[in-house]
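Residues per chain are reported as follows:
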Amino acid sequence: ELKVEQNPLFLSMQEGKNYTIYCNYSTTSDRLYWYRQDPGKSLESLFVLLSNGAVKQEGRLMASLDTKARLSTLHITAAVHDLSATYFCAVDDSGGGADGLTFGKGTHLIIQP
Amino acid sequence: ETGVTQTPRHLVMGMTNKKSLKCEQHLGHNAMYWYKQSAKKPLELMFVYSLEERVENNSVPSRFSPECPNSSHLFLHLHTLQPEDSALYLCASSHRTGRNLFFGEGSRLTVL
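Quick note, the sequences are listed as chains W and G, same order.
Counting in my numbering, the first sequence tops out at residue 125, every number present.
Counting in my numbering, the second sequence tops out at residue 185, every number present.
Derived by calculation from the structure, the hints in this document are not laboratory data.
Mixed in with the good hints there might be a few duds.
Using C-beta positions, here's what the derived DEER-type ranges look like [to be verified]:
#1 G:R136 / W:A90: 45 to 51 Å
#2 G:S93 / W:L62: 35 to 41 Å
#3 G:H150 / W:T89: 31 to 37 Å
#4 W:E13 / G:S111: 18 to 24 Å
#5 W:L62 / G:P81: 33 to 39 Å
#6 W:S96 / G:E125: 36 to 42 Å
#7 W:H93 / G:G87: 39 to 45 Å
#8 G:P81 / W:T32: 37 to 43 Å
#9 W:D78 / G:K113: 25 to 31 Å
#10 W:F22 / G:Q155: 26 to 32 Å
#11 W:F22 / G:M88: 29 to 35 Å
Heads up, simulated BS3-like pairs for lysine-lysine below, C-alpha to C-alpha not over 27 Å straight-line [said to hold, decoys possible]:
#12 W:K15 / G:K109
#13 G:K114 / W:K53
#14 G:K113 / W:K53
#15 W:K15 / G:K114
#16 G:K109 / W:K53
Examples of chain G residues lying across from chain W (beta carbon under 7 Å, computed) [stated by the list, open to error]:
#17 Y106
#18 P115
#19 L116
#20 L118
#21 V121
#22 E129
#23 T170
#24 G171
#25 N173
#26 E178
#27 G179
Since the model is a prediction, treat every value here as computed from it, not as a measurement.
By construction, the Cβ of each residue, glycine as well, lies at the ideal position given by its N, Cα and C atoms.
Please take these sequences and the hints and turn them into a complete structure.
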């Protein structure tokens, strides 16, 4: 069974600081996704990482994937309040026969002025 | 309309009621999903349909019954639910299974 673990699950940080969210997964997969969820809203796709060494950047967020380590990171640079949200990583269990994505528990990020 | 739309957005029902959640996608995708999001729990995959055929059912109780009449529409029929079924039910679609998901806004369900 594919397991996806994120840490930290809760993060409070100040504007202007840098931080990294980690996503580990337990079985082989070449596809990893990051989503953002604002309170009371649905999930919005942020990044799609499709191969080992993939790096994607959008504004102050940068995501990377290391399939050998089964690890993805979401790095926040010079955080601003608007980035406060819950961030989920999700993995495609490409080898296990399942056809949906398995999600981590999410990282609840609060950025304080 | 574009994207994935879900109705109703909010639903309150008693344990003996029967109701349905509806999802429609306007993205031309071939796969549709129901996920359950409860407080302090990971998103739980409930059902997956690919080209209108169910491909996964993660041991969901029979009081939840999905229906996919075509590749654009997905329903979740609810009957004799329990209070612990109260949650946000998210519909999603993707080009094919295992690919990036596009989510609807969700249906917030409260079971009294």
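Hint-by-hint comparison with the structure:
Between G:R136 and W:A90 the beta carbons are some 48 Å apart, a value that agrees with the proposed interval 45 to 51 Å. Judged by the Cβ atoms, the range 35 to 41 Å given for G:S93 and W:L62 holds: they are separated by roughly 36 Å. At about 46 Å, the CB distance of G:H150 to W:T89 disagrees with the hint of 31 to 37 Å. Here the CB-CB span from W:E13 to G:S111 is close to 19 Å, well matched to the stated 18 to 24 Å.
For W:L62 and G:P81, the hinted distance range of 33 to 39 Å is satisfied, since their beta carbons lie about 36 Å from each other. Our hint of 36 to 42 Å for W:S96 and G:E125 holds, since their Cβ atoms are close to 39 Å apart. Distance hint check for W:H93 and G:G87: the Cβ-Cβ separation is about 41 Å, which falls inside the suggested range of 39 to 45 Å. Between G:P81 and W:T32 the beta carbon distance is about 39 Å. The supplied range of 37 to 43 Å therefore holds.
The hinted range of 25 to 31 Å is satisfied by W:D78 and G:K113, whose Cβ atoms lie roughly 29 Å apart. The supplied range of 26 to 32 Å is met by W:F22 and G:Q155, whose beta-carbon atoms lie about 29 Å from each other. The hinted window of 29 to 35 Å between W:F22 and G:M88 holds, with their beta carbons roughly 34 Å apart. Of the supplied pair hints, the one linking W:K15 and G:K109 holds, its CA atoms being roughly 17 Å apart against a limit of 27 Å.
The suggested pairing of G:K114 with W:K53 holds, with an alpha-carbon distance near 16 Å, which does not exceed 27 Å. Straight-line distance between C-alpha atoms of G:K113 and W:K53 comes to about 16 Å, which keeps the hinted pair within the 27 Å bound. Under the criterion of a C-alpha separation no larger than 27 Å, the hint pairing W:K15 with G:K114 is consistent with the structure, at around 13 Å. About 14 Å separates the Cα atoms of G:K109 and W:K53, which keeps this hinted pair within 27 Å; it holds.
Look at G:Y106: its Cβ gets to within about 6 Å of chain W, closer than 7 Å, so that hint holds up. At its closest, the beta carbon of G:P115 sits 5 Å from a beta carbon of chain W; the interface hint therefore holds under the 7 Å criterion. Evaluation of the G:L116 hint against chain W yields a held restraint, the C-beta minimum of about 4 Å falling below 7 Å. Against a cut-off of 7 Å between C-beta atoms, the interface hint on G:L118 holds, since the closest Cβ of chain W lies about 4 Å away.
Interface hint status for G:V121: upheld, as the beta-carbon distance to the closest one in chain W is roughly 5 Å, under 7 Å. A cut of 7 Å between beta carbons decides the hint on G:E129: the least distance to chain W is about 5 Å, and the hint holds. At about 4 Å, the closest approach between the beta carbon of G:T170 and any beta carbon in chain W falls short of 7 Å, and the interface hint on this residue holds. Interface hint at G:G171: satisfied, since its Cβ lies 4 Å from the closest Cβ of chain W, which is below the 7 Å cut-off.
Because the closest C-beta pair between G:N173 and chain W is about 5 Å apart, less than 7 Å, the hint holds. Taken as an interface hint, G:E178 checks out: its beta carbon lies about 5 Å from the nearest beta carbon of chain W, inside 7 Å. A cut of 7 Å between beta carbons decides the hint on G:G179: the least distance to chain W is about 5 Å, and the hint holds.
Comparing the model with each numbered hint stated earlier shows that hint 3 is the single one that does not hold.
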